[in-house]
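K.L.:
Residues per chain, in single letters:
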Amino acid sequence: MKQTNSASRPRSFQIFSVRSGGATGVVVKSLDPARNTSFRMEDRGPVISIKYSPDMKVLAIQRAKTSVEFVNRDSEAEYSQSCRSKSATIVDFFWVADSEVVYVTDRGVEHYQVVPSRRQLKSLKTCSLSSNWCVFSVELSYLLVSTGALGNTLQPFAFRAAGTMTKLAKFDVELLEAPRPARLALHCHDVTVCSLHGQLTVLALLHAPPGSAADAAGQPAEIRVHQANKWVPSPDHSGGEWANKDGSISRTSTLQLNARGNFAISIIDNLVIVHHQESKTSQVFDITLPPAGDAAGVAAPLQRPVAPPAAIRPFHLRLSAGAAALDADEPAQLACELYAATWVVFQPNIIIDAKLGCFWTLELCAAAIPGALPDPVAAARLLLARAAGRPVLLRLLRRLLLRQTERARLADVGGVLDLLNEQTRRQQEHTVSSQMGSPVSALGTSPPVAPTEPAPFVITQSDLHSEVLCDLVSQQMGSRADQRWVTGVLVECVRSLTQHGVSVEHFLYEMLINTLVLRGCFYQLQQLLQYHAVDDSKPLACLLLSLQSVYPAAEQMALDMLKRLGNANEEIIEVMLARNDVTAALRYARANEMVSGLSARKILDVAMNSGDPDLFYTTFKFFEERNYRTKGKVDFAPGEHCELYVRHFNQLFGVTSSLRDALEAGQRRDEGVL
Amino acid sequence: MSSQQNAGVELCSFFIFNSTFGPREGEEENKIIYYHPPSADINSKVKDVGLVEALVQFSRTFNSESPLLSMQTLKQKHFFLEPEKDFFMTLVVRQPVEEVIRNNSPYKEYTPEAVQQSVYLSVLRHMYQMYRLLRGTLAAQSREELVRSTAEIFDSYVPVLRLQQRDIRDVYGGVRFLSLDRLAFLKLQSFVNQLEVLHPFIRHSVIYYKQHLTWSGLGKTNMGIIHWYLETVLFPECGPERPAVWKDRTTPTSGVFMSTEASGDGTDSFLAPPIVHLRKHNCTALPLGGAADGCSRDGDDSWNGGDPVEATDERAQLVLYRLRDVVVVLLVDLEVRLTLPLCRELDASMAGPVQELSTLLSSAINDDKSSGKDDGDTKLIYYNRCNRAQKSSLHGPTAAPVPSDALQLMVDLREDALRFQGDGGAIFGRAMNETWVAGRVNPNREFFSVVQQKNMNLMDVNNEMEQLCKDQFSTIFFPA
Numbered sequence: 001m002k003q004t005n006s007a008s009r010p011r012s013f014q015i016f017s018v019r020s021g022g023a024t025g026v027v028v029k030s031l032d033p034a035r036n037t038s039f040r041m042e043d044r045g046p047v048i049s050i051k052y053s054p055d056m057k058v059l060a061i062q063r064a065k066t067s068v069e070f071v072n073r074d075s076e077a078e079y080s081q082s083c084r085s086k087s088a089t090i091v092d093f094f095w096v097a098d099s100e101v102v103y104v105t106d107r108g109v110e111h112y113q114v115v116p117s118r119r120q121l122k123s124l125k126t127c128s129l130s131s132n133w134c135v136f137s138v139e140l141s142y143l144l145v146s147t148g149a150l151g152n153t154l155q156p157f158a159f160r161a162a163g164t165m166t167k168l169a170k171f172d173v174e175l176l177e178a179p180r181p182a183r184l185a186l187h188c189h190d191v192t193v194c195s196l197h198g199q200l201t202v203l204a205l206l207h208a209p210p211g212s213a214a215d216a217a218g219q220p221a222e223i224r225v226h227q228a229n230k231w232v233p234s235p236d237h238s239g240g241e242w243a244n245k246d247g248s249i250s251r252t253s254t255l256q257l258n259a260r261g262n263f264a265i266s267i268i269d270n271l272v273i274v275h276h277q278e279s280k281t282s283q284v285f286d287i288t289l290p291p292a293g294d295a296a297g298v299a300a301p302l303q304r305p306v307a308p309p310a311a312i313r314p315f316h317l318r319l320s321a322g323a324a325a326l327d328a329d330e331p332a333q334l335a336c337e338l339y340a341a342t343w344v345v346f347q348p349n350i351i352i353d354a355k356l357g358c359f360w361t362l363e364l365c366a367a368a369i370p371g372a373l374p375d376p377v378a379a380a381r382l383l384l385a386r387a388a389g390r391p392v393l394l395r396l397l398r399r400l401l402l403r404q405t406e407r408a409r410l411a412d413v414g415g416v417l418d419l420l421n422e423q424t425r426r427q428q429e430h431t432v433s434s435q436m437g438s439p440v441s442a443l444g445t446s447p448p449v450a451p452t453e454p455a456p457f458v459i460t461q462s463d464l465h466s467e468v469l470c471d472l473v474s475q476q477m478g479s480r481a482d483q484r485w486v487t488g489v490l491v492e493c494v495r496s497l498t499q500h501g502v503s504v505e506h507f508l509y510e511m512l513i514n515t516l517v518l519r520g521c522f523y524q525l526q527q528l529l530q531y532h533a534v535d536d537s538k539p540l541a542c543l544l545l546s547l548q549s550v551y552p553a554a555e556q557m558a559l560d561m562l563k564r565l566g567n568a569n570e571e572i573i574e575v576m577l578a579r580n581d582v583t584a585a586l587r588y589a590r591a592n593e594m595v596s597g598l599s600a601r602k603i604l605d606v607a608m609n610s611g612d613p614d615l616f617y618t619t620f621k622f623f624e625e626r627n628y629r630t631k632g633k634v635d636f637a638p639g640e641h642c643e644l645y646v647r648h649f650n651q652l653f654g655v656t657s658s659l660r661d662a663l664e665a666g667q668r669r670d671e672g673v674l
Numbered sequence: 001m002s003s004q005q006n007a008g009v010e011l012c013s014f015f016i017f018n019s020t021f022g023p024r025e026g027e028e029e030n031k032i033i034y035y036h037p038p039s040a041d042i043n044s045k046v047k048d049v050g051l052v053e054a055l056v057q058f059s060r061t062f063n064s065e066s067p068l069l070s071m072q073t074l075k076q077k078h079f080f081l082e083p084e085k086d087f088f089m090t091l092v093v094r095q096p097v098e099e100v101i102r103n104n105s106p107y108k109e110y111t112p113e114a115v116q117q118s119v120y121l122s123v124l125r126h127m128y129q130m131y132r133l134l135r136g137t138l139a140a141q142s143r144e145e146l147v148r149s150t151a152e153i154f155d156s157y158v159p160v161l162r163l164q165q166r167d168i169r170d171v172y173g174g175v176r177f178l179s180l181d182r183l184a185f186l187k188l189q190s191f192v193n194q195l196e197v198l199h200p201f202i203r204h205s206v207i208y209y210k211q212h213l214t215w216s217g218l219g220k221t222n223m224g225i226i227h228w229y230l231e232t233v234l235f236p237e238c239g240p241e242r243p244a245v246w247k248d249r250t251t252p253t254s255g256v257f258m259s260t261e262a263s264g265d266g267t268d269s270f271l272a273p274p275i276v277h278l279r280k281h282n283c284t285a286l287p288l289g290g291a292a293d294g295c296s297r298d299g300d301d302s303w304n305g306g307d308p309v310e311a312t313d314e315r316a317q318l319v320l321y322r323l324r325d326v327v328v329v330l331l332v333d334l335e336v337r338l339t340l341p342l343c344r345e346l347d348a349s350m351a352g353p354v355q356e357l358s359t360l361l362s363s364a365i366n367d368d369k370s371s372g373k374d375d376g377d378t379k380l381i382y383y384n385r386c387n388r389a390q391k392s393s394l395h396g397p398t399a400a401p402v403p404s405d406a407l408q409l410m411v412d413l414r415e416d417a418l419r420f421q422g423d424g425g426a427i428f429g430r431a432m433n434e435t436w437v438a439g440r441v442n443p444n445r446e447f448f449s450v451v452q453q454k455n456m457n458l459m460d461v462n463n464e465m466e467q468l469c470k471d472q473f474s475t476i477f478f479p480a
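Sequence lines, in order, name chains A and B. Under full-length UniProt numbering, the residue at position 99 of the first sequence is numbered 99, and the numbers go up by one with no gaps. Under full-length UniProt numbering, the residue at position 328 of the second sequence is numbered 328, and the numbers go up by one with no gaps.
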């Protein structure tokens, strides 16, 4: 049986089972049923490697050290291509595109175009270098070739545009200790090329060489992470960003494994999962976590696993009914041995058990994260980066914010909310930048801006409201501690949103104010407003006004807020009228040039109901004067419906109006002069 | 000349008595609870008390509603306060003397205007409030207890009354808030909430930065009282020489626990902070109805003692923790014994965040200074009754002092302005030496300024005032 990894993307991953050199059949299995196939071929010796082109139109079979044969699938036409340098042997070959193949020989790299119609290959480019081994990533179209006696100098090639092969700057993987005498110290299976958060990443697993001083000292193995851009966590650890470096790949962090032995690496959802065969456990690393210890100024800070090592969840293989029927004693389910010696791990997350003949994909169970990580902030950080994390995170938030866990701390609430809002802010920035296109400077001299990925999801304020906060504020707040907790959580919401520049929605302020009122913490509410911790708005001003019966100073706060809003003159006048302060209302209207638009009826009504004749007189005269100024007549316009007040005035003071007389006399005089 | 006027203000005597303690003839001495100076002989003490008793009785025949407030004689002014039923506190102040030439001969003239009623009545009220803060109501104690406890409080406090320096600020009794930006305040809040959730035995917490109040978890009334107490007792001496009650020496960065009372120093094993009596309606988180009841009275300027609503106080331990320029005031449940491990725990949860806060607040106070332009010619004082906020540039450390006649005029103008109807108004007065005092008041806010410029008329002062209001009050609804 022979398997080969034709591609690193799970969907294009194929396993070839070649029986009797192909004469009795080749079965191709894949995760995508459409890519499963089987065929027969002539047995012409043992197959070293066999790979379909990505479109499955051409099959490449390597049987010799120096050449690869190609078979067109439709016509079964065969042709072959030897490597160009005669004395070279092929280390490996890869399909880099539907009709492009690259040979890595011990003497160099050869890039060919496959022309199936003419049954031949056309050489595109060659590059000579002595190579030990190579690793290729289909997803990234990225080839790494190991050179040098130690094997730790890695020469990358990129295949971005069709038909081109770009040789990139080579880099060295720093070894724990160089073996003496010099021999190959870094092997093919120790190097993983993957994409983490959209960043090309080269992981190098390093062991202390046997017999070395480090080996004697029992130095554990470690994984060195090499990237072109470096993740820099923000100081408050609520997020971070990819910092541009000069573009060349170098070590950015180190994953501490704390063990020795056989390791294998899977990459799932931007997490690095390191399996350790001896202990039958796996460790999970997130390179965007704040590093252990003081990382300031350290070039490659140390990363600890996000959780203690744990085993993969056991898998039970359900046996087919036929197999079970053969032997009644055979159980219907077979518990698969985890971390078996027969396991082969492929990128990114494929595990093959050669003995069982099974192959699996390793998945991340988001729901298990809160259980594995007692620290809610760490759990939230992991969940936020997973597309499947949203419902789990909401449950976590609920438990934390409603204090359903043993050790719910307000600091953790703040920490989790900070992460949430950091993600919201990043998503907003991403939306803006993707709408605006990439800045011009990125094309020019400055190094390209590290691409921001869209966030897997965001939890909005209304999500928080419906999932958590509603229940939080409606629960019984019996004890002092409960009340403080609720206030504390709401303040944390506002603080975190403010800190991340996300505008706070009205309902949060309203909840906060109501909570403080229920606690009787009026002076604290006042301070909240005094420091403008609450955004001004008309609805909030109205809420404050409604509080003035329980806390008279609330009126002052409301008026201050209305004044700051700048567009609430009408409301201010309403407030003054509500406290029957007609003169203040009129004075305010005059100072703000609102007299002509005032509703005379409303104000006269308040003045009349005050029962103070002097006040009514003043108010009435004020409007007569206004009428004269705006319309040239002291009388009210019929549309203003002021007849009632005119009658009331006449009842109190008589029909004659000195103002009217004076004004009309003046008018007559003016007309006479004219 | 004018500064000499105030300098002459001197304390003659201060005494507390209760007539019901010695109703019968020959028992007059029993009425006296406290008398300062203690050196006075018993006859003059009894005589003084008798005079006040007589005055109170006499004035009641004319007006039984409003209490007797003060009496002026040629040389002295008496101020009276009956904070609780039958308990009278009397402050006797000697008026300053001015040497004038009359009929070609030097003549001593007393200046009663230098001793203003509202200022010294406020002092008297503050004295009672401080006593009640530290020892509870007078009525709750027996005569013997009262004699002892009043001596404990007032013997150390009366000599440092600084009667000459009393002015409109004592009338207001406001607090200085630190102006913080929104995020800094929210971070401060975050710290306070974390601390209080972590240590539920903390009833209230108050945070000061360089004598500026930055957060108060207390109600308005209690905060006012405690602020006055701290300002009088703690802050003038809040230097490094003040002995720390307890300090964890293993971590050099942590803060110190302080005591306001010499007798309150802790032993090696636990801290014995002073116990304070808080006015109840602000103490706990009451349901809406209950809170409303108390809060409607809260901030009432014409505070009236002996009200049955306030008759019961709640006691708490007053723990002061200082780190850098931050003072954290914790009001802690009585049942909690502040042992060394507990103090260490408190310190551990406060030291880190408080240091961060200190840095945050120091930048805030620097911004504050740069924005608040201190005009050498114009001095301001602003008071908001609703939140007890007070801002003042009357007593800057560097600027020239405001003439005391202007300060006195300010108090007088304020008295007049209090009689304004409705939504208040503006008031102006001219002191000597080209000094104007102008004020804008509404029922809750007061703003006075002293303008010292040559050749200003009323219009100029009014314009100046308008401009000041525009500059200072752009974000609040004042003066309407």
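Please note that a few of the clues may not be correct.
What the hints assert, rightly or not - List time: in silico EDC-like cross-link candidates among lysine to aspartate or glutamate, alpha-carbon distance up to 20 Å:
id, chain 1, residue 1, chain 2, residue 2
1, A, Lys563, A, Glu574
2, B, Lys470, A, Glu363
3, A, Lys563, B, Glu314
4, A, Lys563, B, Asp170
5, A, Lys86, A, Asp98
6, B, Lys391, B, Glu466
7, A, Lys621, A, Glu571
8, A, Lys602, A, Asp614
9, A, Lys621, A, Asp605
10, B, Lys454, B, Asp423
11, A, Lys122, A, Glu174
12, A, Lys563, B, Glu84
Quick caveat, the hints were computed from the structure, so don't treat them as lab data. It should be emphasised that the depicted structure is a prediction, and the values quoted were computed from it without experimental measurement.
K.L.:
Each hint should be assessed against the structure and marked as holding or not.
P.N.:
Against the structure, the hints come out as follows:
1. The suggested pairing of A:Lys563 with A:Glu574 holds, with an alpha-carbon distance near 13 Å, which does not exceed 20 Å.
2. For the suggested pair B:Lys470 and A:Glu363, the alpha carbons sit about 65 Å apart, so the restraint of at most 20 Å is broken.
3. Annotation: proposed proximity of A:Lys563 to B:Glu314 is violated, straight-line Cα distance about 39 Å (limit 20 Å).
4. Restraint check for A:Lys563 and B:Asp170: the C-alpha separation of about 30 Å exceeds 20 Å, so the hint is violated.
5. Proposed proximity of A:Lys86 and A:Asp98 is contradicted: the alpha carbons are some 26 Å apart, above 20 Å.
6. The hinted pair formed by B:Lys391 and B:Glu466 meets the criterion: a straight-line CA distance of about 18 Å does not exceed 20 Å.
7. For a cut-off of 20 Å, the pair hint linking A:Lys621 to A:Glu571 is broken: about 23 Å separates their Cα positions.
8. Restraint check for A:Lys602 and A:Asp614: the C-alpha separation of about 17 Å stays at or below 20 Å, so the hint holds.
9. Between A:Lys621 and A:Asp605 the CA atoms are separated by roughly 14 Å; this keeps the pair inside 20 Å, and the hint holds.
10. Note on B:Lys454 and B:Asp423: the hinted pairing is violated, with a Cα-Cα distance of about 32 Å set against a maximum of 20 Å.
11. Using a Cα cut-off of 20 Å, the hinted pair A:Lys122 and A:Glu174 is violated, with the two alpha carbons roughly 38 Å apart.
12. For the hint pairing A:Lys563 with B:Glu84, the CA-to-CA distance comes to about 42 Å; that exceeds 20 Å, so the pair is violated.
When the structure is compared with the earlier hints, violations turn up for hints 2, 3, 4, 5, 7, 10, 11 and 12 and for no others.
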